[in-house]
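Work the whole structure out from these sequences, hints included.
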Amino acid sequence: MKKLLYKMPESLSGKEFTYCPGCHHGIVHRLIAEVIDELGIREKTLVVAPIGCSVFAYQFFNMDGTIAAHGRAPAVATGMKRARPDLYVFTYQGDGDLAAIGTAEIMHAANRGEKITTIFINNAIYGMTGGQMAPTTLLGMKTTTTPYGRDAQKDGYPMHMCEFLKEAKGVAYLARTKVTTPQDVEKTKKAIKKAFLAQVKGIGFGLVEVLSTCPTNWGMDPISAMKWLEENMIPEYPLGVFIDKVGDEK
Amino acid sequence: MEKVMVKGTEAIGEAAIRAGCRHFFGYPITPQSELPEYMSKRLPEVGGVFLQTESEVATVNMLYGAACTGTRVMTSTSSPGFSLMMEGVSYMACAQLPAVFVNVVRGGPGLGDIQPAQGDYWQATKGGGHGDYKLIVLAPATVQEAVDLTVLAFDLADKYRTPTLILADGLLGQMMEPVEFPEFRDLSTLPDHSSWAMTGAKDREPHIITSFDIDPYILEKMNLELVKKYREIEKNEIRWEEFKTEDADIVITAFGTVARIAKSVVEMARKDGLKVGLFRPITVWPFPYEPLKKLADKAELFFDVEMNMGQMLEDVKLATGDRKPVAFYSRMGGVVPTPNEIYEALKKEIGRRE
Chain G
42 MKKLLYKMPE
52 SLSGKEFTYC
62 PGCHHGIVHR
72 LIAEVIDELG
82 IREKTLVVAP
92 IGCSVFAYQF
102 FNMDGTIAAH
112 GRAPAVATGM
122 KRARPDLYVF
132 TYQGDGDLAA
142 IGTAEIMHAA
152 NRGEKITTIF
162 INNAIYGMTG
172 GQMAPTTLLG
182 MKTTTTPYGR
192 DAQKDGYPMH
202 MCEFLKEAKG
212 VAYLARTKVT
222 TPQDVEKTKK
232 AIKKAFLAQV
242 KGIGFGLVEV
252 LSTCPTNWGM
262 DPISAMKWLE
272 ENMIPEYPLG
282 VFIDKVGDEK
Chain X
471 MEKVMVKGTE
481 AIGEAAIRAG
491 CRHFFGYPIT
501 PQSELPEYMS
511 KRLPEVGGVF
521 LQTESEVATV
531 NMLYGAACTG
541 TRVMTSTSSP
551 GFSLMMEGVS
561 YMACAQLPAV
571 FVNVVRGGPG
581 LGDIQPAQGD
591 YWQATKGGGH
601 GDYKLIVLAP
611 ATVQEAVDLT
621 VLAFDLADKY
631 RTPTLILADG
641 LLGQMMEPVE
651 FPEFRDLSTL
661 PDHSSWAMTG
671 AKDREPHIIT
681 SFDIDPYILE
691 KMNLELVKKY
701 REIEKNEIRW
711 EEFKTEDADI
721 VITAFGTVAR
731 IAKSVVEMAR
741 KDGLKVGLFR
751 PITVWPFPYE
761 PLKKLADKAE
771 LFFDVEMNMG
781 QMLEDVKLAT
791 GDRKPVAFYS
801 RMGGVVPTPN
811 EIYEALKKEI
821 GRRE
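Residue numbers (the working numbering), protein chains in the order written: chain G, 42 to 291; chain X, 471 to 824.
Treat the hints as calculated values from the structure; they're not laboratory data. Do not take every clue at face value.
[Said to hold, decoys possible] Derived DSS-like pairs: lysine-lysine, alpha-carbon spacing no greater than 25 Å straight-line:
1. X:K473 - G:K56
2. X:K672 - G:K56
3. G:K48 - X:K672
4. X:K672 - G:K242
Written out as structure tokens, the structure is:
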């Protein structure tokens with residue numbers, strides 16, 4: 042008897058990912074797809090891709106999709122959800138998109154308690170444009186626009202989006218995770234599921250920040266990049282669940 | 471139907487609801503805040519959605535999102551607010567998303583003031599945002615026409631899958647006039663967008679809506695598709711009004727509320743025995759070049775009047791070529807010209823040429 046143990050989630054289109062080797066976008070895409078499959082909402086879900094490396098996200102998910110202008114995905118998703126409250130909408134955004142140019146939109150969508158879900162990839166750098174400083178770049182970290190390292194006096198401090206967002210009353214689920222070990226992948230999947238359940242159950246806004254690597258722009262091999270994430274990003278961005286109004290299933 | 475006295479901004483709001491619009495996203499800005507206020511009260515009464523946004527940047531992107539689902543949606547703003555929306559308008563034009571924008575133009579540039587002006591003509595008709603695109607731009611001159619053109623704006627937006635703009639000004643927005651509203655549109659009769667809208671990929675391939683392709687040859691094709699559509703709109707949708715032009719030696723050109731002031735000037739001139747007429751574009755894009763060109767066969771002088779530095783003037787000159795002289799009179803910064811001062815300027819112009 043053959044038993045099927047592993048297959049491509051229905052919520053992925055099957056198109057090959059265009060991400061660099063060792064990039065975490067692919068892992069997170071798959072987790073989102075698995076969650077949408079498990080919730081059985083693929084046929085009612087809309088994806089809003091951002092500007093950045095994941096601008097092509099709409100091609101990788103097997104569902105209706107669009108690309109929002111840089112940082113505006115939460116506003117686009119708001120328009121969709123207000124027009125069609127019977128559908129499910131999620132945004133997929135990087136740190137430049139969400140934590141720099143799009144801070145107003147994410148703050149207000151969260152504070153209004155928009156019943157949408159946001160997956161936020163924090164890799165502390167601008168990927169698509171070639172490794173410039175992100176709002177989440179660590180102090181001392183060298184990028185193509187901080188060649189001497191990020192200097193707090195000149196460049197300000199790393200942005201802590203979850204810590205800002207946890208004050209917003211409209212947020213129903215908020216967590217920061219990573220995907221560097223199989224256990225972390227499982228935890229992240231659980232968090233993404235809760236962020237979607239916050240929407241499915243009509244409780245409010247859900248967001249999961251996933252700390253991710255960018256080996257290409259960090260100038261490291263994938264394994265060193267994961268180690269660097271563990272040693273440098275975790276102390277700056279502590280993992281955890283900040284808000285959970287969804288509760289346990291069943 | 472009986473007529474009711476209503477303010478310009480509120481008339482546009484009610485007309486939108488009659489046209490089947492149930493979604494309004496907006497940010498307060500003078501002199502049009504009565505419109506979002508009206509919608510915030512009125513939309514819940516008809517099962518609609520009003521949302522006050524965090525910015526005009528968010529507004530246009532909410533319109534983008536709602537329009538993606540094939541839903542009739544609108545916003546209103548005033549000049550600086552419309553500038554903030556330009557990126558999103560460009561996205562919507564390329565993504566072929568229908569929506570209605572209202573710009574109640576105020577004095578500019580910059581912060582300007584809150585008085586009526588027409589300084590956004592170029593922004594409205596020549597692009598405004600980045601890239602090659604056009605908006606259908608309707609310029610009402612009366613509150614009744616604002617009502618009629620609002621309904622038309624939704625129908626044209628749907629027909630051509632393109633953002634459409636009502637180009638009004640503070641005068642029209644704030645004045646009260648008797649109007650007749652159309653009947654409520656039966657929502658089940660609104661255009662069917664199921665072939666492209668994002669409604670959930672059930673029993674079909676996903677619908678993808680973007681203003682993007684990384685391959686220049688494919689993006690060029692998208693551009694050419696837009697160009698084809700714009701040519702079609704130019705062919706089908708030109709609207710204008712002529713007033714006493716049949717025997718006119720002098721044709722005043724003006725749009726929006728300035729055109730109604732110019733109508734009084736025509737009457738004043740006619741009383742003095744001067745053969746003056748008025749040509750008023752109703753669609754400022756597509757601009758009625760051909761009908762204006764025809765008037766240049768007969769008329770000896772064109773006299774363009776605007777509340778800007780001479781923006782539509784360029785289109786008037788394009789239409790008339792260098793066959794006939796085009797003089798120009800304007801007030802700016804929110805100053806509205808009186809019929810008397812326009813008439814005096816016209817007489818001076820005639821005197822100069824005699």
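For this session: Compare the structure with the hints numbered earlier in the document and write down the numbers of the violated ones, lowest to highest.
Result: Violated hint (a single one): 1; every other hint is consistent with the structure.
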